[in-house]
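If you use the working numbering, the sequence shown closes out at 447, no skipped numbers anywhere.
Simulated from the structure, these hints should not be mistaken for lab results. Please note: incorrect hints may appear among the correct ones.
Claimed, not checked - List time: in silico DSBU-like cross-link candidates among lysine-lysine, alpha-carbon distance up to 35 Å:
id	residue 1	residue 2
1	355	30
2	355	378
3	236	303
4	36	117
5	367	355
6	303	355
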Amino acid sequence: MFNRQSIHIAMLLWGAIFSSLAALCMFMSKNFNREKRKRMIWMQLSCAVLLVNDAFAWAFRGDVGVWSYVIVRVSNFFVFLFMDILVFLFHGYACCYLFGENSKIEKNEKDRLIRVKMVFVFEIIGSLFVILSQFINLYYYIDAHNLYHRGSGYFLSFLFPIAGLCIDLSLIIQYRKKISHEIFISLISYIALPYLMSGIQIFYYGISLINISISITMILMFVSFMMEQNQSLARKEKEAADLRISLMLSQIAPHFIYNTLTTIQVLCETDPLMAKETAEDFAGYLRNHLESLSERSCVPFEKELQHVRYYLAIQQRRFGDRIHVVYEIEETDFIMPPLTLQPIVENAVKHGICKKEEGGTITICTKLEDHFVSVIVKDDGIGFDREKIKQDGKSHIGLKNVSERVKSMCNGSFYVKSEPGQGTIVQLLFPQKSKKNYADNKIISNS
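Let the sequences and hints guide you as you build the complete structure.
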């Protein structure tokens, strides 16, 4: 049957196991902030050492064996020592959040600098007192029956950690706005709960209330750390994705502007009415393009299609009968990333049919198949050898950008099939209700 001491020891050991696993988890999580992760690992490991030694001290007390004699003395020494070490580590961890990595201090904040140094001084003195206590029995002593007893200066063992935590509390409250709500709660809990238990344990002896409370607060700190770091990673990934999208979108259109203005200039002399229509189409193209640059979410297909119509109308006036366009639009009720269709069509014009002396035809097709919308852009231009392009280290930048945005923004798929002299087919698949029968919808090999 379990008695109170057995349950007490079990609680301490389970706390040690959790702290060890938390430290391992932190060690394996390489993507987190390096400085904060390192400090959290040391805190969790120190907490594990503290709890294991406290469990051994309770388990072997009263046993007069040789090993028990050593274990009780060593364990109690490490319990008191690591209480100061944990405050020391917590102070560094809190400063890392409040003042940046490595706890850098601005020279003009002398008050903060003094308080930060005072915590380190208190804990160094506290550690020295723990060592001194082994010789003068200040904090505790072990009797001939291997039983632990409090010494006359036992209350001093709380003095230095509590003094350090009080200073940390003042810093945390003063610089509250620099940390998230979750981190603030976890830091305050590490101070408040052990502080409360210290007051109780001075008058009540029989269970390690302080160390159990430290174990609980370490769980809270680990959870809050994981939440804060995951939110930070998600935010950075979103910012990187937005920046990448902005860069990709900004690369798509500018080269087209010069040729269009030159075409309008020529038409002003040869066909003023067509020059006017081209200018109107160009204005519509620019308006749609600028609107698309500011979009961070998917847009209706009709908007993308209108953008393509403006583009092809301008190119047809520029190249005349060399460009033919066929629209086979069966499905329009879906969305897609902004500036997705136009780069595909532009690629077909520039790298496909315009490189043939006689020109060619571009076909744009949309249709609904099961739970997928299939968008196909086909041209009968010169085509290209995909393997040769890979070997040369070259690629069509526009198509690569489109592929990345289709996957990241819509969870869609992008496929290209091209053969020299036969033309190119580009297919986009956008999931609607589910991904059922995905293989049946894929009509083009991605190889």
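Original post:
Is the hinted pair residue 303 and residue 355 satisfied, with a Cα-Cα distance of at most 35 Å?
Top reply: Roughly 28 Å between the alpha carbons, so the hint for residue 303 and residue 355 holds.
Original post:
Would the pair residue 355 and residue 30 pass a check requiring their Cα atoms to be no farther apart than 35 Å?
Top reply: violated (49 Å)
Original post:
Straight-line Cα separation of residue 367 and residue 355 no greater than 35 Å?
Top reply: holds (29 Å)
Original post:
Are residue 236 and residue 303 close enough, with their CA atoms no more than 35 Å apart?
Top reply: Between residue 236 and residue 303 the Cα gap is close to 30 Å, so the pair holds against 35 Å.
Subject >> Straight-line alpha-carbon gap residue 355 to residue 378, limit 35 Å >> reply: Holds: residue 355 and residue 378 sit about 15 Å apart, inside 35 Å.
Original post:
Is it true that the CA of residue 36 sits at most 35 Å from the CA of residue 117?
Top reply: holds (20 Å)
This entry does not satisfy hint 1, going by the numbered hints stated previously; all others are met.
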